Amino acid sequence: MSHHLKKTSPVDFKLSKAEQIFEQALETGIYAEEPVSQKTGSMLREAATEYLTLNASKPITIRINQLDLIKVKVKAKKHQIPYQTLLGSLIHQYADRIENGAL
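Numbering-wise (the working numbering), the sequence shown opens with residue 1 and increments by one.
Hint data in this document are derived by calculation from the structure and do not stem from the laboratory.
Fair warning: there could be bad hints in the mix.
[What the hints assert, rightly or not] Lysine-lysine pairs mimicking DSS-like chemistry, simulated, CA-CA at most 30 Å apart:
{"#": "1", "residue 1": "Lys-58", "residue 2": "Lys-71"}
{"#": "2", "residue 1": "Lys-75", "residue 2": "Lys-58"}
{"#": "3", "residue 1": "Lys-58", "residue 2": "Lys-73"}
{"#": "4", "residue 1": "Lys-39", "residue 2": "Lys-14"}
{"#": "5", "residue 1": "Lys-58", "residue 2": "Lys-77"}
Model, not experiment: these values are computed from the prediction.
Make a model of the complete structure from these sequences and hints.
Structure follows, in structure tokens:
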């Protein structure tokens with residue numbers, strides 16, 4: 001039994017005028033990134049470092065009711081994830097709700 005792969009044609013879609021101009025600029029080499037000043041580069045590096053630092057995980061120690069911890073561990077096991085990941089996710093969701101004014 002022989003299987004032949006069917007040749008597919010590229011997807012046909014229309015680019016907007018702006019997208020066409022940008023695509024043409026990329027293809028012809030007209031588009032190039034403008035160099036940034038040393039001050040701007042320094043500011044961008046600092047912002048990137050701050051962002052990475054703020055988004056890094058930080059280990060914490062908490063006291064939690066033993067029965068609550070068992071329930072969290074059971075729920076995490078059902079989802080096949082570590083219970084620490086589940087707790088981190090719940091804290092993140094709670095923090096987002098605070099930030100968005102939902103709490």
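We went through each hint and held it up to the structure:
1. Lys-58 - Lys-71: Between Lys-58 and Lys-71 the Cα gap is close to 23 Å, so the pair holds against 30 Å.
2. Lys-75 - Lys-58: holds (23 Å)
3. Lys-58 - Lys-73: holds (20 Å)
4. Lys-39 - Lys-14: violated (40 Å)
5. Lys-58 - Lys-77: holds (23 Å)
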